[in-house]
Amino acid sequence: MSTSADATHLDAAVAAPRHTPETDATTLHVRYLLSLGDDALVYAQRLGEWLTHAPQIEEDMALGNVGLDLLGQARSLLTRAGEVEGGGRDEDALAMLRDEREFRNVQLVEQPRGDFAVEMARMLWFASYQCELWSQLTSSADETLAGIAGKAVKEAVYHRDHATQWVLRLGDGTEVSRERMQAGLEAVHPYVAELGEDHEAARWAAEQGVGVLPSSLTDAVNAHVSAVLEQATLTMPDAPRWHARGGREGVHSEAMGYLLAEMQHIARSHPGATW
Amino acid sequence: MYGNDFGHSDDAPLNAAETEDYASVLEEHMAYFDRLVQDDQRIEPRDAMPDAYRQTLIRQIAQHAHSEIIGMQPEGNWITRAPSLRRKAILMAKVQDEAGHGLYLYSAAETLGVDRSELLDKLHSGRQKYSSIFNYPTLTWADVGAIGWLVDGAAIMNQVPLCRCSYGPYARAMIRVCKEESFHQRQGFELLWTLSQGTDAQRAMLQDAADRWWWPALMMFGPPDSGEKAKEGHTAQSMAWGIKRFTNDDLRQRFVDMTVPQAIKLGITLPDPDLRWNEERGHWDFGEIDWDEFWRVLKGDGPCNAQRIATRVTAHEEGAWVREAAAAYADKQAARSAEGAVA
Numbered sequence: 001m002s003t004s005a006d007a008t009h010l011d012a013a014v015a016a017p018r019h020t021p022e023t024d025a026t027t028l029h030v031r032y033l034l035s036l037g038d039d040a041l042v043y044a045q046r047l048g049e050w051l052t053h054a055p056q057i058e059e060d061m062a063l064g065n066v067g068l069d070l071l072g073q074a075r076s077l078l079t080r081a082g083e084v085e086g087g088g089r090d091e092d093a094l095a096m097l098r099d100e101r102e103f104r105n106v107q108l109v110e111q112p113r114g115d116f117a118v119e120m121a122r123m124l125w126f127a128s129y130q131c132e133l134w135s136q137l138t139s140s141a142d143e144t145l146a147g148i149a150g151k152a153v154k155e156a157v158y159h160r161d162h163a164t165q166w167v168l169r170l171g172d173g174t175e176v177s178r179e180r181m182q183a184g185l186e187a188v189h190p191y192v193a194e195l196g197e198d199h200e201a202a203r204w205a206a207e208q209g210v211g212v213l214p215s216s217l218t219d220a221v222n223a224h225v226s227a228v229l230e231q232a233t234l235t236m237p238d239a240p241r242w243h244a245r246g247g248r249e250g251v252h253s254e255a256m257g258y259l260l261a262e263m264q265h266i267a268r269s270h271p272g273a274t275w
Numbered sequence: 001m002y003g004n005d006f007g008h009s010d011d012a013p014l015n016a017a018e019t020e021d022y023a024s025v026l027e028e029h030m031a032y033f034d035r036l037v038q039d040d041q042r043i044e045p046r047d048a049m050p051d052a053y054r055q056t057l058i059r060q061i062a063q064h065a066h067s068e069i070i071g072m073q074p075e076g077n078w079i080t081r082a083p084s085l086r087r088k089a090i091l092m093a094k095v096q097d098e099a100g101h102g103l104y105l106y107s108a109a110e111t112l113g114v115d116r117s118e119l120l121d122k123l124h125s126g127r128q129k130y131s132s133i134f135n136y137p138t139l140t141w142a143d144v145g146a147i148g149w150l151v152d153g154a155a156i157m158n159q160v161p162l163c164r165c166s167y168g169p170y171a172r173a174m175i176r177v178c179k180e181e182s183f184h185q186r187q188g189f190e191l192l193w194t195l196s197q198g199t200d201a202q203r204a205m206l207q208d209a210a211d212r213w214w215w216p217a218l219m220m221f222g223p224p225d226s227g228e229k230a231k232e233g234h235t236a237q238s239m240a241w242g243i244k245r246f247t248n249d250d251l252r253q254r255f256v257d258m259t260v261p262q263a264i265k266l267g268i269t270l271p272d273p274d275l276r277w278n279e280e281r282g283h284w285d286f287g288e289i290d291w292d293e294f295w296r297v298l299k300g301d302g303p304c305n306a307q308r309i310a311t312r313v314t315a316h317e318e319g320a321w322v323r324e325a326a327a328a329y330a331d332k333q334a335a336r337s338a339e340g341a342v343a
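Keeping their order, the protein sequence lines are chains W and F.
Numbered according to the numbering used here, the first sequence spans residues 1 to 275.
Numbered according to the numbering used here, the second sequence spans residues 1 to 343.
Below, a list of computed lysine-lysine pairs in the DSSO-like style, where the Cα atoms sit at most 30 Å apart: (1) F:K179 with F:K122; (2) W:K154 with F:K179; (3) F:K229 with F:K122; (4) F:K122 with F:K299; (5) W:K151 with F:K179; (6) F:K129 with F:K229.
Honestly, the hints are just simulated from the structure, not real lab data.
Turn these sequences into a full structure, and let the hints steer you where they fit.
What follows is the structure, given as structure tokens:
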């Protein structure tokens, strides 16, 4: 087991098969779409938890809005994944009936809801990543994905702006808010690097012109976040001793099981029912 | 205080409201107010109005706003568990709509000279109420549909006449609110209709929700206020002022008449053995409402009263540092742009 802080390989226990001849193009295409769709779905699920708990009513609406946008992205992406797979699974079969190891989202989005500063730190990173991602994917060789990206990029820009404005207010607001915002950034930092890690499905997608290498987005993402933090009088946290990895291969944190249990239990309690 | 520099002597009135001129102008204004109400015209924020009219409206609009905000909780309870992604999206949008309604209504109340924070304080400390229906729990997925169908359905009965309320800002807010509520009610019915066409377990869930929500929905119109009861409560005065257009009892009867055929369509039984069509009246007769339960829940002895307020107060208190930061940042920005202007 490597102890290197910047290790990009998966631990042996976590490792999924590398690019192998038996992983066919359809499977990789589906996995790529699921990685995008699961990020959106799981983050929408966390944002949905904010409604009625936000610091002000306007923010109940705003966080609900961001969550709804992400849920819309997830529905389109899961539907597309089901089409490419060709096995008759629709968005709900993919959302409600997959087990934890089949979800391919990064661990950042599954982390339990923290305070408002933690949420704005998470949203700033995630939306900055999505802005770069979707603007690249508007020219995807998968025309459906390109269409989804065309709509999603506008949403991500708005989400990034929302998080940016709050990070500025909290960073350059009161002494208390500055401390809490800095703590929020520290809390999410171990989960940030995973957004920029290349994985088998992304490598295939980038080679085919369907997707992009996550690592190719990192510089632009870091540049935006760094600029915001500087303006907000905040400091970019040091490289963490540990960082999350494995989400793209279906290895998650302990929080994920509870999130799925809550999200899936009604659907799974009534097999075959229509809602 | 700014914009004037009047000298001040002990014998001069301290402000314009203490002058004789003011009294005569006030009288004229009140006559104007009466004329507007009589002619079914709208009173606007800058028009003079009797203080009791203003206070009645503040109380009513604030309670309406509070109901929207507290009403987000029982539905929000199901966002993370919605059984399909389509239902999850609909529910999130609906709860978000309720937040928007709360905001319109607080803004309408603010035109009467109160501040949202003052109204929220009253909600949090129990000095102002919200619709008692939200003190009941949402226990199954079907409850989400029942809230749309019955609770929003009853709310619309109350709210459509408010689009013609004599106070302009409230009436205009209600036009948009009613459009969205009407959509909410239809989605609730559609959700329940889907259950009615589903499995035995789904139909049982539907029937159970109707059993639990029917009577509380009828209570939403408030205590009886026609016949002898018309002498009590606020109804007569509110009707004279053009705030209220129909009695609680009228609205309740309309709701029952509208809803019973829908229940029949859903294939469910409403929990009232006295419910039957009265050919002579041309209305559905219904049984006695348990007003003891209504008053009990209103006074705090309902399953969720304490929980709803605690959730609301916690969100507000935990968000205080965020609101303070936003205010501090806005002040800093204003100071910076002022410095920039000077430089």
